[in-house]
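In case you want the letters, here they are:
Protein chains: 2
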Amino acid sequence: MPQYRLHCFAQSGNAYKAALMLNLIGADWEPIFVDFFNGAGRSPEFLALNPMGEVPVLDGPKGVVTQSGAILHHLVESYGQFGGETWPEREEILRWMFWDNHKLTGYTATLRFMTNFLPEDKRDAAVIAFLEGRRKIAFKVLEARLGAQDFVATPDRPTIADISCCGYLYWLDEIGVDRADVPNISAWLDRIAALPGWAAPYELMPGHPISGSV
Amino acid sequence: MPQYRLHCFAQSGNAYKAALMLNLIGADWEPIFVDFFNGAGRSPEFLALNPMGEVPVLDGPKGVVTQSGAILHHLVESYGQFGGETWPEREEILRWMFWDNHKLTGYTATLRFMTNFLPEDKRDAAVIAFLEGRRKIAFKVLEARLGAQDFVATPDRPTIADISCCGYLYWLDEIGVDRADVPNISAWLDRIAALPGWAAPYELMPGHPISGSV
Numbered sequence: 006m007p008q009y010r011l012h013c014f015a016q017s018g019n020a021y022k023a024a025l026m027l028n029l030i031g032a033d034w035e036p037i038f039v040d041f042f043n044g045a046g047r048s049p050e051f052l053a054l055n056p057m058g059e060v061p062v063l064d065g066p067k068g069v070v071t072q073s074g075a076i077l078h079h080l081v082e083s084y085g086q087f088g089g090e091t092w093p094e095r096e097e098i099l100r101w102m103f104w105d106n107h108k109l110t111g112y113t114a115t116l117r118f119m120t121n122f123l124p125e126d127k128r129d130a131a132v133i134a135f136l137e138g139r140r141k142i143a144f145k146v147l148e149a150r151l152g153a154q155d156f157v158a159t160p161d162r163p164t165i166a167d168i169s170c171c172g173y174l175y176w177l178d179e180i181g182v183d184r185a186d187v188p189n190i191s192a193w194l195d196r197i198a199a200l201p202g203w204a205a206p207y208e209l210m211p212g213h214p215i216s217g218s219v
Numbered sequence: 006m007p008q009y010r011l012h013c014f015a016q017s018g019n020a021y022k023a024a025l026m027l028n029l030i031g032a033d034w035e036p037i038f039v040d041f042f043n044g045a046g047r048s049p050e051f052l053a054l055n056p057m058g059e060v061p062v063l064d065g066p067k068g069v070v071t072q073s074g075a076i077l078h079h080l081v082e083s084y085g086q087f088g089g090e091t092w093p094e095r096e097e098i099l100r101w102m103f104w105d106n107h108k109l110t111g112y113t114a115t116l117r118f119m120t121n122f123l124p125e126d127k128r129d130a131a132v133i134a135f136l137e138g139r140r141k142i143a144f145k146v147l148e149a150r151l152g153a154q155d156f157v158a159t160p161d162r163p164t165i166a167d168i169s170c171c172g173y174l175y176w177l178d179e180i181g182v183d184r185a186d187v188p189n190i191s192a193w194l195d196r197i198a199a200l201p202g203w204a205a206p207y208e209l210m211p212g213h214p215i216s217g218s219v
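For the protein sequence lines, the chains are R and V, in the order given. The numbers in the first sequence follow the working numbering, run straight up by one, and end at 219. The numbers in the second sequence follow the working numbering, run straight up by one, and end at 219.
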């Protein structure tokens, strides 16, 4: 049995943050499919594993961890890669990861869900417009940051802050953003995609036609 | 001059997380009023301090820190209080703080803003209903957790995870929640309010009639 089991599904960018990290550090891991769109996240079995009712859940030699931000820190603690080398660096990583969870992923993921996966008769134009407004503010902050330096938290190398912030951004088409309109973000996504071990979300996790059978 | 200056305003629960922590650890600090509702968060001066355009901003002997989650970790690093004693404890604290930023504060703060501070002609019933639905899910998770243990991350003592999660919850009236409907959360709020140094948000930060002049 692989050392780590990641409970996930292909469309979850939060799960992708954990899956990408596991791949980048060369961990011995396998994805476990959670049929989230058919209610598996609300099953008693899954809620026993994570009472928050969310993916990702990482099950490994040091126990079960949930929340992508905690999982990324857990893997830094175990593997020593993609973390900060000094306290100010670790703090800067935290700062951008909290910002990502609240302002970038928080709105971008929900916007993408509503415009791609929610049945059309349940979509609300006002809610979508609200989320789109918030997403634009977050993208503006990230685009400016990546115009000033190559990576989000530390200027010269990628950290878990980059892995966190990019979680939903390889789906710019599904979010309705043209790469040409965010040149700094686009170049940064290419820099991350050039790292050994990188793979796109639908290749790394099960539950999407590209992923094959689950 | 006090050792720390916290850029904040009375109605911000994210700023309150930092203000409450500073008070609980007995730090030498003063609040600096940011007239957020009149656009001060978008001024060139403020954006130079924090390009994310948000409060809180903590300015202290080790530099400027933003994002409440990073500020709380910064103060643990400096004062050694309200943190985790072991790596698993620190990880559990991170887990709940990321959850708070994304799922609890993320929706609760925006819901409160829309129903209390946004002009009535700009409020949208569908957006408010969406945020209210998300808030209820988060409250259910927190209420269950606090039925199982006295504090959020560690069973027997408060940590920065509690300080983070309670940021907006002394305003249950403004959020439209009756304390009687969330008995575990209510008892936990009382436990935190009993800590030496605790004060309510409007007493601790400027910009509200209760706070006096700014």
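Hint data in this document are derived by calculation from the structure and do not stem from the laboratory. None of the values given here were measured: they were computed from a predicted structure. Check before you lean on any hint, since a few could be wrong.
Same chains, same label: a pair holds when it works inside one copy or across any pair of copies.
Said to hold, decoys possible - Cross-link-like lysine-lysine pairs, in silico, DSS-like; alpha carbons within 30 Å at most:
hint	residue 1	residue 2
1	K127	K145
2	K127	K67
3	K141	K127
Query raised in the report: Hint by hint, which ones does the structure fall short of?
Result: Structure breaks hint 2 only.
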